[in-house]
Amino acid sequence: MNDFSEFLIKIRGLTFRRGERLIFDQLDLDIRRGAVTAVLGPSGSGKTTLLKLITGQLQPDAGEIKIDGQNVHNLSKKELFQLRQRMGMLFQSGALLTDLTVFENVAYPLREHAKLSPSLLRKLVLLKLEAVGLRGARDLMPHELSGGMARRVALARAIALDPMMLLYDEPFTGQDPISMGVLVRLIHQLNDAAGLTSIVVSHDVQETAQIADMMYLLSGGRVIAHGTPMELATNDAIQVRQFMDGNPDGPLPFHYPALPLAEDFRTRTRGRSGWH
Amino acid sequence: MALTSLAQFGRAGLNTLQRIGRAHLLLVACLLGSGALLWRPRLFTAQLFNIGVLSLLIVGISGLFVGMVLGLQGYYVLAQFGAEQSLGVMVATSLVRELGPVVTALLVAGRAGSALTAEIGLMKATEQLAGLEMMAVDPVRRILIPRLFGGMVAMPLLAALFSAVGVIGGYFVGVGLLGVDDGAFWSQMQAKVDFQEDVVNGVIKSAVFGLLVTWIALFQGYESIPTAEGVSRATTRSVVHAALVVLGVDFVLTALMFGA
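Chains A and B, in that order, are what the protein sequence lines are.
Going by the numbering used here, the first residue of the first sequence is number 3, and it counts up by one from there.
Going by the numbering used here, the first residue of the second sequence is number 2, and it counts up by one from there.
So that you can see chain A by itself, here it is in the shape it has in the complex (with noise of 0.2 Å):
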């Protein structure tokens, strides 16, 4: 049987440096078509990389990313392209173009890849707007959006071409309760009535506890626990409970690595002068 009518993504042996530093280190992930995955980690683990390298936007030093049987680090552009148009994303900025309107910016993909009339288009993009609550902003510029208003904007864009995936980096980062409430919703009634295959990255434990089928536990460049967030809520290994307690010590790193502090204090700081 095809294993990827099971899985979406299975990613094998990923092993990825960023100059000196290791971020993955033989990592194996797979992704549950149809479910919301969520991979969880301490800030500066990688999880906003391992986006980036399912996406095609990195090359990994090696291992290997199948989206749908397809590696996409041997894809060639056109290639490449054709599978991003199958996949959204919302970035952490909502990354909109500040040039065009709140409609013109969830317009855009399908101006660009769809043949449509300009009255289909037009009813497309206001469903899309009033899936997340913001037809009534149509016309208003991105700078006119609070954070909250152009990440659900942003969401508009990526589902604009109904893709069979959402990537969503730090979708709860800097949010208020209630449109952390209302993305959390959102993500979830995406997830289900779409049909999407969405994968969550993220620090924020509780909300993504919420709504995740399946929860992976990023730390050191692999993956230290996966499981549902039932699973994980009563792992007892000291670095799972850590994380999903949020403890100051324990074995999960709070410090970027350095040299003891009695050392550092004889060494000199690279230093930047014109501030003071």
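Derived from the structure by calculation, the hints contain no laboratory data.
All values reported here derive from a predicted model rather than from experimental measurement.
Do not rely on the hints blindly, as some may be mistaken.
Short, incomplete list of chain B residues facing chain A, as computed with Cβ under 8 Å [said to hold, decoys possible]:
| hint | residue |
| --- | --- |
| 1 | T127 |
| 2 | E128 |
| 3 | Q129 |
| 4 | G132 |
| 5 | E134 |
| 6 | M135 |
| 7 | M136 |
| 8 | A137 |
| 9 | V138 |
For every residue, glycine included, the Cβ atom is placed at its ideal position computed from N, Cα and C.
Here the structure of chain A is known, so what remains is to put chain B in place on it, guided by the hints.
Leaving out everything else, chain B in the frame of chain A:
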């Protein structure tokens, strides 16, 4: 210590070479993808407006003053040899051959090149370029190519305007204020300014400068470090590099065109 500085020197050299290589790869990608513009001419006309039409005022006013100064200075030099009636030739030749293309290129680098670098740099910093890529839209085709060709086409037109307004400035000072003969001013210009040698060479120069200035501006923006300081440094570099390259290449082109 000496070894570390040698290593640093080597690394800096390699980095520079890599940057130059990437700049050329970007140019090749732009030229190869330029056919895409045929399908979307509005992208091109929008940039022609941004780079060309919005620079009209600064180029026109500068041209007028440069022409007036040429009229004044030229008159005093030529009068010493009793050749003040040749003022028209002097003004027109210097404008069409040199000052038109070069000063226009410097003005466009400051007015439009800096804006291009800042625009692309900020699009990078705000993830708009990555966003386009994720929408399966190639930023090179959609963002860079229209700007590159907009700059290449706008520059000769702006340089022509600069020269034309400059000649009028020279006429105003020479004929209007200093008493050069009206007929001599125009007839000598008509007789001595050669279309092939002067005008066509001037147009070639400004087209080359148009390519160089926009290419440098786009590359600096595309390669900028996506932070406040990074974009500001890239903008400065864009203007400085463009100015130096324009002046250097102008010497080479002048030597090739008029040297023999």
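Taking the hints in turn, this is what the structure says about them:
Look at T127 (chain B): its Cβ gets to within about 6 Å of chain A, closer than 8 Å, so that hint holds up. At its closest, the beta carbon of E128 (chain B) sits 4 Å from a beta carbon of chain A; the interface hint therefore holds under the 8 Å criterion. For Q129 (chain B), the interface hint holds, since its Cβ comes within 8 Å of a Cβ in chain A; the closest pair sits about 6 Å apart. Given hint, G132 (chain B) at the interface with chain A, holds; its Cβ is 3 Å from that chain's nearest Cβ, closer than 8 Å.
Here the hint on E134 (chain B) is kept, as its CB sits about 6 Å from the closest CB of chain A, short of 8 Å. Hint status for M135 (chain B): holds, given a least beta-carbon distance of 4 Å to chain A, under 8 Å. Given the 8 Å rule on beta carbons, the hint for M136 (chain B) holds: about 5 Å separates it from the nearest Cβ of chain A. A distance limit of 8 Å between C-beta atoms decides the matter here; for A137 (chain B) the minimum to chain A is near 4 Å, and the interface restraint holds.
Because the smallest distance between the Cβ of V138 (chain B) and any Cβ of chain A comes to about 5 Å, under 8 Å, the interface hint for this residue holds.
Hint compliance for this structure: every hint is met.
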